[in-house]
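> Sequence:
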Amino acid sequence: MNQHERPGQPFEQENREKVPVAKAEALRALQEWSGDKEPIFAVESLLKYHGPASEWLEEQLGQLTYEQIEGMADRAEDWEGQRHEDLERSRIAAELKRYVDKIVTPLILIKKIGESLSEEQAQHFAEWIRVMMVGNSQYDVASIIEAAKRYSPDMVLDSRQEFFAGQDQPEELHRTEKGSGPLLAASVKLRLGKKGVIDISDDENNRGGLGNTTQVYAYIEK
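Mapping of the sequence shown onto UniProt numbering: residues 1 to 222, in sequence order.
What the hints contain is simulated information worked out from the structure, not anything from laboratory work. Among these hints, one or two may not hold up.
[Stated by the list, open to error] With a straight-line Cα cutoff of 27 Å, these simulated DSSO-like cross-link-like pairs (lysine-lysine) come out:
(1) Lys111 with Lys222
(2) Lys189 with Lys48
(3) Lys178 with Lys18
(4) Lys97 with Lys178
(5) Lys97 with Lys149
(6) Lys149 with Lys222
(7) Lys48 with Lys18
(8) Lys18 with Lys102
(9) Lys194 with Lys18
(10) Lys37 with Lys18
(11) Lys111 with Lys97
(12) Lys222 with Lys178
[As the list claims (entries may be wrong)] Quick list of the computed label-pair ranges, beta carbon to beta carbon:
(13) Lys18 with Arg83: 45 to 51 Å
(14) Lys37 with Gln82: 31 to 37 Å
(15) Gln31 with Trp79: 17 to 23 Å
(16) Glu177 with Lys222: 29 to 35 Å
(17) Gln68 with Ser118: 33 to 39 Å
(18) Lys18 with Asn206: 25 to 31 Å
(19) Asn206 with Trp79: 17 to 23 Å
(20) Asn206 with Lys112: 35 to 41 Å
(21) Glu59 with Thr176: 39 to 45 Å
(22) Gly135 with Gln9: 16 to 22 Å
(23) Asp158 with Arg16: 27 to 33 Å
Just so it is clear, the structure is predicted and the values come from calculations on it, not from any experiment. The C-beta atom is built at its ideal place from N, Cα and C for all residues, glycine as well.
Modelling step: build the complete structure from the supplied sequences, incorporating the hints.
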C-alpha cells in the first residue's frame, strides 16, 4: 500500500469488477421476490404505493435490466426534461436502484466473497461494505435483515430490532424489541464464509456525519 492509499483500497480495487455482476444478481433476486405470495416489505411498497408509477413497475420489473434502471434513476431529479409521468417512473427507478445497491448487493458480495477471506481481508471487506452503505439508516438495516432471510436464510446468525416503547415508560424502558413504534435501532450478524461473521448495525443515536452511521465489522472465529 502506498502513502496515498487508504486501508482496504487495494482490496477494493481487486474486487471492483465483481460489483456489476453482484448488482445484476441482486436485481434478479428482487425480480424473483416480487412474484412471491408474500413479497418483502420494500418490494411491496414499490409495487403498490406509488400510484401509476407502481403500476408501471409491476408490469415492467421482470424485463428491466440494471443498466435500464440506472439510466432512468439518473433522471430522477430532471424536473424540466421529461413529462410528469416519466419523472415519477424515474423516481421509482431511483428507489429500486437504491434498494439493489444498498441492501441486496452487499448480501450477494458477502455470500460470494466471504468463503475466501483471510482475517486481515475480512476487516478490509467490512470497510468496503461499510462504504457501500453510506447513507443507510436503521430502517435499511431492517431491510437487510428481511432480504437476507429471503435470499439465504442460513446466512443470518442473529438479528435484533428495537422500537420506541412510548414516552409513558421510564427512560431505561423507552426501547422494546416488540412494538409498533418508530424503529430506533437494528443489527444483524451474518455468516461470512465458514468461520467468519460480519456484523451490520445502525442506531438513531449514531452520529457519523454525512449519513455515514451504519457500522460494519467482520472477524474470523478462531
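> Holds or violated: Lys111 and Lys97, Cα atoms, limit 27 Å.
20 Å, holds
> For the range 25 to 31 Å, tell me whether the beta carbons of Lys18 and Asn206 fit it or not.
At 28 Å between Cβs, range holds.
> Does the alpha-carbon distance linking Lys97 and Lys149 stay inside the 27 Å limit?
20 Å, holds
> Lys178 and Lys18 were given as a pair; does the straight-line alpha-carbon distance stay at or below 27 Å?
38 Å, violated
> Given the proposed pairing of Lys189 with Lys48, does the C-alpha separation stay at or below 27 Å?
Answer violated: Lys189 to Lys48 is near 30 Å, above 27 Å.
> Determine whether the Cβ-Cβ distance between Gln68 and Ser118 falls within the hinted range of 33 to 39 Å.
38 Å, holds
> Between Lys111 and Lys222, is the straight-line Cα distance small enough, at 27 Å or below?
20 Å, holds
> Hey, Lys194 versus Lys18, does the alpha-carbon distance stay inside 27 Å?
This hinted pair holds, its Cα atoms lying about 21 Å apart.
> Glu59 and Thr176, beta-carbon distance inside 39 to 45 Å?
40 Å Cβ-Cβ, so the 39 to 45 Å window holds.
> Given a hint of 29 to 35 Å, does the C-beta separation of Glu177 and Lys222 actually sit inside it?
30 Å, holds
> Assess, step by step, whether the Cα of Lys48 is no farther than 27 Å from the Cα of Lys18, and give holds or violated.
32 Å, violated
> Just tell me: holds or violated, for the beta carbon distance of Asn206 and Lys112 against 35 to 41 Å?
28 Å, violated
When held up to the earlier numbered hints, the structure conflicts with 2, 3, 4, 7, 10, 12, 13, 15, 19 and 20 and fits the remainder.
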